[in-house]
Amino acid sequence: MKSAVIVFPGSNCDRDIQVALRDITGVEPTMVWHGDSDFEKVDLIALPGGFSYGDYLRSGAMAPTSPVMKEVVKRAKDGVATLGICNGFQVLTEAGLLPGALMRNAGLKFICKDVKLRVDNSTSIFTNQYEQGEVINIPVAHHDGNYFCDEDTLETLECNSRIAFRYCDETGDASHEANINGSLNNIAGILNSKGNVLGLMPHPERLIDPVQGGTDGRKMFESILGALTNA
Amino acid sequence: MTKQEIAQEITSEMVAEHGLTEDEFANIVKALGRDPNFTELGIYSVMWSEHCSYKSSKVHLKKLPTEAPWVICGPGENAGVIDIGDGQAAIFKMESHNHPSFIEPYQGAATGVGGILRDVFTMGARPVANLNALRFGAANHEKTRHLVSGVVAGIGGYGNCVGVPTVGGETGFDASYNGNILVNAMTVGIADQNKIFYSAAAGMGKPVVYVGSKTGRDGIHGATMASTEFSEDNEEKRPTVQVGDPFTEKLLIEACLELMSSDAIVAIQDMGAAGLTSSSVEMASKGGVGFALNLDHVPQREENMLPYEMMLSESQERMLMILEPGKEDFAKAIFEKWGLDFAIIGEITDSGNLTLSFQGDVVADIPINSLVDDAPEYERPWIKPLSRKPVDMDELEKPEDYNKVLLDLVGGPNLSSRAWIWEQYDHMVMADTLKGGRPGGDAALVRIHGTKKALAMSTDCTPRYVEADPFEGGKQAVAETYRNISATGAKPLAITDCLNFGNPEKPEVMGQFAKACEGIGEACRVLEYPVVSGNVSLYNETNGEAIKPTPAIGGVGLIENYEDAVSIDFKTDGHAILVVGETEGHLGASIYLKEIFGLEEGEPPFVSLGQEKKHGEFVRSMIEQGHVRACHDISDGGIAVALAEMCMAGDIGANVADESDSLSFQAWAYGEDQARYIIAAEEHCAAKIMSDAAIMGIPAFCIGTVGGKKLEIGNRISIDVADLKSAHQSWMPNYMAEENKKS
Amino acid sequence: MKARIHITLKEGVLDPQGKAIQLALGDLGFGGVDDVRQGKYIEVDLAETDASKAKDALDDMCKKLLSNTVIENYTIDLDE
Amino acid sequence: MKARIHITLKEGVLDPQGKAIQLALGDLGFGGVDDVRQGKYIEVDLAETDASKAKDALDDMCKKLLSNTVIENYTIDLDE
Ligand SMILES: Nc1ncnc2c1ncn2[C@@H]1O[C@H](COP(=O)(O)OP(=O)(O)O)[C@@H](O)[C@H]1O
Ligand SMILES: [Mg+2]
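The listed protein sequences correspond, in order, to chains B, P, C and Y.
The first sequence begins at 1 in the numbering used here and counts up by one.
The second sequence begins at 232 in the numbering used here and counts up by one.
The third sequence begins at 975 in the numbering used here and counts up by one.
The fourth sequence begins at 1055 in the numbering used here and counts up by one.
To be clear, the hints were calculated from the coordinates, so they are not data collected in a lab.
Cβ atoms here follow ideal geometry from the backbone N, Cα and C, with glycine treated the same way.
Fair warning: there could be bad hints in the mix.
Anything over 10 Å on all C-beta distances counts as not near chain B; from chain C, calculated [claimed, not checked]:
| hint | residue |
| --- | --- |
| 1 | Arg978 |
| 2 | Leu1002 |
| 3 | Asp1024 |
| 4 | Lys1027 |
| 5 | Ala1031 |
Computed list of chain B residues with no C-beta within reach of chain C, every gap over 12 Å [as the list claims (entries may be wrong)]:
| hint | residue |
| --- | --- |
| 6 | Ile24 |
| 7 | Glu28 |
| 8 | Asp38 |
| 9 | Phe39 |
| 10 | Thr93 |
| 11 | Glu134 |
| 12 | Glu155 |
Among the chain Y residues that face chain B by a calculated CB cut under 7 Å, a handful are [claimed, not checked]:
| hint | residue |
| --- | --- |
| 13 | Glu1065 |
| 14 | Gln1071 |
| 15 | Ala1074 |
| 16 | Ile1075 |
| 17 | Ala1078 |
| 18 | Leu1082 |
Please model the entire structure based on the sequences and the hints provided.
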């Protein structure tokens, strides 16, 4: 399985996801500079976490202006699997590949800690190795992860099982207390309507080796590997 | 300032405003053979300021041990460098940003992080960890919350964006910092030993190149500000505050590292305090060469900037380097790719002078050696600090409820959880922070990318002790980092320091400084744990009130295989709990006396460096042999607090016997004797640990077992771990939630 | 030509920063603060001298970059 | 009573956000953008009906919370 990691100025989890992809797929991902308008054909495009363009103005707002994003948008629309983590999720919404917006955390502070997520869609190419309703442990690290969209969009997301992950407590309850950043319906990650684009705020690439504190992030990459190599 | 102002004659008021004494000015005139002009006066004033010249501290710093076989580069360069095997080096330093952070906590702290990062990557290292040692005023002081909130947000705002994990530090509250908070930031980086860059300029005619952000009128006189006392109205006379741009810093790191992978760079230096002045003077002086700079070529953000302003500006995110001739275009392309300014602003000369031209005129021409070698060096008078009387504990009424004592300690301002702080820091970016080395333990552990090795890092200082006895306190600060690192299984290798003190012109303060340095030096010698970099921050006084002497120590160690590392959390029912080291019940200058009785009295605990070394080595060898399941050093709050911390971290109880024997319970449980550790181990391992200890003559006693939901210590303490946790975790968030409430 | 752009959250979009400011003002003892909304204010200096062309360009800038039309509204004032 | 508060960086203070926006506008193909400065815009609804009292209170709010007077200036407009 071939993958590409898009590197924007200010990306800072690009190496982390590169390492995770290399480790799990066994193939070195291509690192693509934001200024390039074309890159080789790949099975997966990954938009890493970080602070593209400093996250000045709004998180993820400036990345869509870069040459590479035109190509990313085109390929994502053509059905190429596209994964946005943290800042990558923010970029995907700003680029219009996913609906809604990520606003400042309700508590206004940056949050970095392990959180519990409930897997609410275990059939997508990104999540098929998880059990439906499984509670997993993943770190978050963001200032703007408060998911917002209009009511119609929310209903569409809910009705079509497009909410991949929700913040929850240990028992899997997506409670108000477990909602770390004020996201609508505890949303932590969503899929596009075709299911080939996933954006999520937590960082699965930070939990792939037990010494990092667990391996719950591995399954996401294993899901992708399974889905894309069998396809 | 106009051009006329620049050309004006220098008056004695101007000299005084620049923080120079009459004698110092006379020396300038002597060195130049004429009166300086305004630009030259500005340059001398910053180079001769306390901050840049270390004029009061140098004589004492010279006594610190700086060598060991694994030291590649000690103090004097931008940061210290040590050998960590496999051709790799760890490069690190700690630095203060106290005054700016008091004036503007967010930007002050943020630019402090930016500055220390540059000190480290300028030497060719990729920064891999940030730490911060913070001291705030009393919790109930009206400014404290605002300062905590701004400083923490600033450190996070910068470090998170740059993408370097902030993995540790320390945070204290004490009234002596009400008017002078301390913000000490430390960065640790990793480089290949054959790719380390130094600052000495060499090679006649080679180009002097400026890269990074443009120069504005930011923070002119920052270095002089850091070299005077605060008074109430200082806050009004704010110099322009520097604003940090972490995005540009991130680009600068990547661009510099990219250029460094070639052989284009002869020398490189960041522009820190006193910006272009100190960077060019230091590079030239180290290389014994002259610099001719054309200021018209300096990238400028504002209009009509004058030489004085350009030379003294402290605009952030800038570097100065000497390139190999012919590599200019190659280098320029890299910086342009990263969207950064790149300008050739001058060349190396053999004049030995710093010669500045501006709009066709020579506006300054100063012998470099006079700026550095002729800088004042003072052996300021000092008096030996008075020694304190021991506290007579029998005079104090014993607490009735030891449960409440423990809850008050772990749930009080100084020992409560700092999660509120570190959760605002991305402490996992780069994906190399080890689970057991996340903030909250003894030392932070960050794996060296792509290897089995990990760095262990900790910052420590107990100002209570240093105030009570600067010599013992200086020793203790070093010993505590040594212990924190050893407790993870890593071998402590070297330290950096940040020596925060009051006004050096006061003999008592100078006495604290001198004795603390002696103590630090002594500890470094015995522990084979040299000082490789550091920073001094003096004049931490407001209206004549000095801070508690605070020599913050940042220690760095190495563990060969991170799978061997242990963390502080108790793991499983049935593990035996051992105390390594002698418990004598020393309560003088303890946190117990301070927080429970409101007393800051007595002598601090004596630090037997021989024992520190022996016990540290022993604990490390037990960890390496795989006998240890959890380990924590005993420091503030003694055995009781250490046990509580291990229970809370593991979410599991412990049953411990009251082993106070001839000591009173309070002395046994809360005494702060040094060179001690608590270890949890399976029973057969515990037996092995105790028998090995006996052979080596090291005290090691089994005091109980892990298990249950409560921490029970004899019949005096019995508390649900959940209650301990709730007290421990709620203090900071509750306190900070009151941020805007009227006080 | 100088433009002043105001970017505000759409009605119905929760404003965590505004809410936090409102609470903080209450805590500071300011009574009677019924609502606070926080937005952005951007000043742009343009080389363009034709007002209608400038306005068109600015409108485009707001749509493409300066505002997120999912959650924000914008207004443009031109100094002439 | 409604107030509109503008908070802008003092002259000479670095504005990394403004600079980044300016660059991004360039990347988007907008020529002739000479300068961009970003500030905050805050709307406050007050129960107070006396304009001069409201102004005093707002001034106080700006000093104590809304602006960082070390690096920012503020202006207050009252809708009356
Ligand atoms: N400002 C801070 N930033 C990050 N971590 C911090 C900070 N202050 C304290 N910590 C973390 O909290 C834990 C407890 O700190 P401290 O009480 O100094 O430990 P110890 O007494 O073992 O040296 C450590 O893991 C430390 O790294
Ligand atoms: Mg510590």
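Hints, one by one, checked against the model:
1. Arg978: It holds; arginine 978 of chain C is separated from chain B by about 16 Å at its closest Cβ, greater than 10 Å.
2. Leu1002: Consistent with the label, leucine 1002 of chain C stays out of reach of chain B, its closest Cβ about 16 Å off (over 10 Å).
3. Asp1024: holds, 25 Å
4. Lys1027: Label holds. Min Cβ-Cβ 21 Å, cutoff 10 Å.
5. Ala1031: Check passes; 15 Å lies beyond 10 Å.
6. Ile24: Given a closest Cβ separation of 34 Å, the condition holds.
7. Glu28: Holds: least Cβ distance 34 Å, greater than 12 Å.
8. Asp38: holds, 22 Å
9. Phe39: holds, 23 Å
10. Thr93: violated, 8 Å
11. Glu134: For glutamate 134 of chain B, whose nearest Cβ neighbour in chain C is about 30 Å away, the distance exceeds 12 Å, so it holds.
12. Glu155: holds, 15 Å
13. Glu1065: violated, 20 Å
14. Gln1071: holds, 4 Å
15. Ala1074: holds, 4 Å
16. Ile1075: holds, 6 Å
17. Ala1078: holds, 4 Å
18. Leu1082: holds, 5 Å
Hint violations for this structure: numbers 10 and 13, all remaining hints satisfied.
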